[in-house]
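Protein chains: 2
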Amino acid sequence: MEISDWRAKIDGLDEQIVKLLCERAGAAAAIGQLKAGSGANIYEPEREQNVLAHVKAKNSGELTDAQLIVIYERIMDVMRALQRSKPVA
Amino acid sequence: MEISDWRAKIDGLDEQIVKLLCERAGAAAAIGQLKAGSGANIYEPEREQNVLAHVKAKNSGELTDAQLIVIYERIMDVMRALQRSKPVA
Numbered sequence: 163m164e165i166s167d168w169r170a171k172i173d174g175l176d177e178q179i180v181k182l183l184c185e186r187a188g189a190a191a192a193i194g195q196l197k198a199g200s201g202a203n204i205y206e207p208e209r210e211q212n213v214l215a216h217v218k219a220k221n222s223g224e225l226t227d228a229q230l231i232v233i234y235e236r237i238m239d240v241m242r243a244l245q246r247s248k249p250v251a
Numbered sequence: 163m164e165i166s167d168w169r170a171k172i173d174g175l176d177e178q179i180v181k182l183l184c185e186r187a188g189a190a191a192a193i194g195q196l197k198a199g200s201g202a203n204i205y206e207p208e209r210e211q212n213v214l215a216h217v218k219a220k221n222s223g224e225l226t227d228a229q230l231i232v233i234y235e236r237i238m239d240v241m242r243a244l245q246r247s248k249p250v251a
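Respectively, the protein sequence lines represent chains F and D.
Numbering follows our numbering, in which position 37 of the first sequence is assigned residue number 199; successive positions increment by one, without gaps.
Numbering follows our numbering, in which position 70 of the second sequence is assigned residue number 232; successive positions increment by one, without gaps.
Some hints could be false.
All copies of an identical chain are treated as equivalent in the list; a pair is satisfied when it fits inside any one copy or across any two copies.
As the list claims (entries may be wrong) - Within a straight-line C-alpha distance of at most 27 angstroms, the following computed BS3-like cross-link-like pairs (lysine-lysine) qualify: (1) K171 / K197; (2) K197 / K181; (3) K171 / K218; (4) K171 / K181.
What the hints contain is simulated information worked out from the structure, not anything from laboratory work.
One chain only, chain F, in its complex shape (with noise of 0.2 angstroms):
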């Protein structure tokens, strides 16, 4: 396979990438509303060390355990964001 091939793959998954991420955002917004209706805190260190120590569990090795913890650590920066940002429903 040449680099184009390869871009090629890589434009694919990134749509599927985004789609997750799509998702993944509209179930943080769904919780964050929960949270906002409840006074629950929008932070909770203990859930995120458990999203972390599940995606460290699910990588298979083509990144290492800290790259990947470095995307999520962005990933769910973003989402703690947006659960702050959106209004109650």
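Chain F is already provided as a structure; the job is to place chain D on it using the hints.
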């Protein structure tokens, strides 16, 4: 749906996201090896801009474009580092 239900949904999405990120890393590593073999630069800003334009075009709106780009810039940082760290096959 309660918070625990949404979290179960997120856990399932994360499993799919991790699988795709690992596949993407494998493709990036393959490109890195091809580039190392030909002496091409790892950093190609035009390609990176194309990736960002592509993911924005696929954004279904649960994230703002800015939030999606922030996540993708981190993904591309990690993939670039991975390409630099892999030995030529």
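Handout entry: Structure-inconsistent hints, enumerated in ascending order
Key = Every hint satisfied by this model.
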